[in-house]
Amino acid sequence: MKKRLYNLFLLLFAFLLFFPFTLQAQQTEGLISFTAKVVEIKDSVSKTSSEGGEFTQQNLYLEAISGPRQGEFFLYEGISEVEVANQKIYQVGDKVFVDVFSTDEGGEIVYVTEYVRSKS
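Residues in the sequence shown are numbered consecutively from 1, following the numbering used here.
Heads up, some of the hints might be wrong.
Below, a list of computed lysine-lysine pairs in the BS3-like style, where the Cα atoms sit at most 30 Å apart [what the hints assert, rightly or not]:
| # | residue 1 | residue 2 |
| --- | --- | --- |
| 1 | Lys88 | Lys37 |
| 2 | Lys42 | Lys95 |
| 3 | Lys88 | Lys119 |
| 4 | Lys95 | Lys119 |
| 5 | Lys95 | Lys47 |
| 6 | Lys47 | Lys37 |
| 7 | Lys42 | Lys88 |
| 8 | Lys47 | Lys88 |
| 9 | Lys42 | Lys119 |
| 10 | Lys95 | Lys37 |
| 11 | Lys37 | Lys119 |
Computed beta-carbon distance windows for the label pairs [claimed, not checked]:
| # | residue 1 | residue 2 | range |
| --- | --- | --- | --- |
| 12 | Ile109 | Ser66 | 16 to 24 Å |
| 13 | Glu72 | Gly52 | 38 to 46 Å |
| 14 | Val116 | Glu51 | 24 to 32 Å |
| 15 | Lys47 | Gly106 | 25 to 33 Å |
| 16 | Gly52 | Lys119 | 21 to 29 Å |
| 17 | Gly71 | Asp99 | 12 to 20 Å |
| 18 | Lys119 | Lys47 | 27 to 35 Å |
| 19 | Gly93 | Gly52 | 14 to 22 Å |
| 20 | Asn59 | Gly106 | 15 to 23 Å |
| 21 | Glu54 | Gly106 | 31 to 39 Å |
| 22 | Ser46 | Tyr115 | 17 to 25 Å |
| 23 | Gly106 | Ser49 | 33 to 41 Å |
| 24 | Phe73 | Leu31 | 14 to 22 Å |
| 25 | Gly71 | Ile109 | 27 to 35 Å |
Simulated from the structure, these hints should not be mistaken for lab results.
Where is the CB? At the ideal position from N, CA and C, for every residue including glycine.
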C-alpha cells in the first residue's frame, strides 16, 4: 500500500511539474516574432485618457526585415478604444520588434512590442 501511495505521489508531482510547460507551449503556438521597419504612418490619433492624460495611437505599415517573414508587409492597427500605458510614438524608418499571432479563423493579429535598440 505504501508503495502504491508513493508511486501515486510521484506521478502527481511529475504532472504538476510539467503541466505549466504544456500550457506555455499552447499559448505561443501560432506566434511569429521578428524585427520590422516602419514604412508608413497610416494614421495617428491623439486621445485623452480616463485620467485626463494625453496619448497617441497609430496605425503603421511595416516591412519585416528579419525572421521567417522577411520582405513581407504588415499593417499594425494600433488605434482602438483600449488605453495602452506608455504607448510609444513611432516614426518612418524606426525598427521595431513585432509579434504576429494566428487566429483560429485563419487571420493574423499584429502587435508592435518595442523599439529595436541595437545598432545592427
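Right, here's what the structure says about each hint:
Restraint check: the Cα-Cα separation between Lys88 and Lys37 comes to about 15 Å, which is no more than 30 Å; the hinted pair holds. At most 30 Å may separate the alpha-carbon atoms for a hinted pair to count; Lys42 and Lys95 meet this at roughly 16 Å. With a C-alpha separation of about 19 Å, the suggested pairing of Lys88 with Lys119 holds against the 30 Å cut-off. Taken as a hint, the Lys95 and Lys119 pair is honoured in the structure, with Cα atoms around 10 Å apart against an allowance of 30 Å.
Simply put, Lys95 and Lys47 have alpha-carbon atoms about 25 Å apart, close enough for the 30 Å limit, and the pair holds. Simply put, Lys47 and Lys37 have alpha-carbon atoms about 25 Å apart, close enough for the 30 Å limit, and the pair holds. Distance restraint check for Lys42 and Lys88: the Cα-Cα separation of roughly 15 Å lies within the 30 Å cut-off, and the hinted pair is therefore satisfied. Distance hint between Lys47 and Lys88 is fulfilled; the C-alpha atoms sit about 13 Å from each other, no more than 30 Å.
Annotation: proposed proximity of Lys42 to Lys119 holds, straight-line Cα distance about 26 Å (limit 30 Å). Between Lys95 and Lys37, the direct Cα distance comes to roughly 4 Å. Compliance with the 30 Å bound is thereby established for this hinted pair. Under the criterion of a C-alpha separation no larger than 30 Å, the hint pairing Lys37 with Lys119 is consistent with the structure, at around 13 Å. The hint said 16 to 24 Å for the Cβ distance between Ile109 and Ser66, and at roughly 20 Å that hint holds.
Between Glu72 and Gly52 the beta carbon distance is about 40 Å. The supplied range of 38 to 46 Å therefore holds. A hinted range of 24 to 32 Å for the beta carbons of Val116 and Glu51 is consistent with their spacing of about 30 Å. Distance hint check: the CB atoms of Lys47 and Gly106 are about 31 Å apart, consistent with the given range 25 to 33 Å. For the hinted restraint 21 to 29 Å between Gly52 and Lys119, the CB-CB distance of approximately 38 Å leaves it violated.
Our hint of 12 to 20 Å for Gly71 and Asp99 holds, since their Cβ atoms are close to 18 Å apart. The supplied range of 27 to 35 Å is met by Lys119 and Lys47, whose beta-carbon atoms lie about 33 Å from each other. Look at Gly93 against Gly52: about 32 Å separates their beta carbons, and that is not inside 14 to 22 Å. For Asn59 paired with Gly106, a C-beta distance near 22 Å keeps the hint of 15 to 23 Å intact.
Between Glu54 and Gly106, the C-beta spacing of about 37 Å keeps the proposed range 31 to 39 Å intact. A hinted range of 17 to 25 Å for the beta carbons of Ser46 and Tyr115 is consistent with their spacing of about 20 Å. Taking the beta carbon of each, Gly106 and Ser49 are about 34 Å apart, inside 33 to 41 Å as hinted. The beta-carbon spacing between Phe73 and Leu31, approximately 19 Å, falls within the hinted interval of 14 to 22 Å.
Hint check: Gly71 to Ile109, Cβ distance near 20 Å, so the stated range 27 to 35 Å is violated.
Checked against the numbered hints listed earlier, the structure breaks hints 16, 19, 25; every other hint is satisfied.
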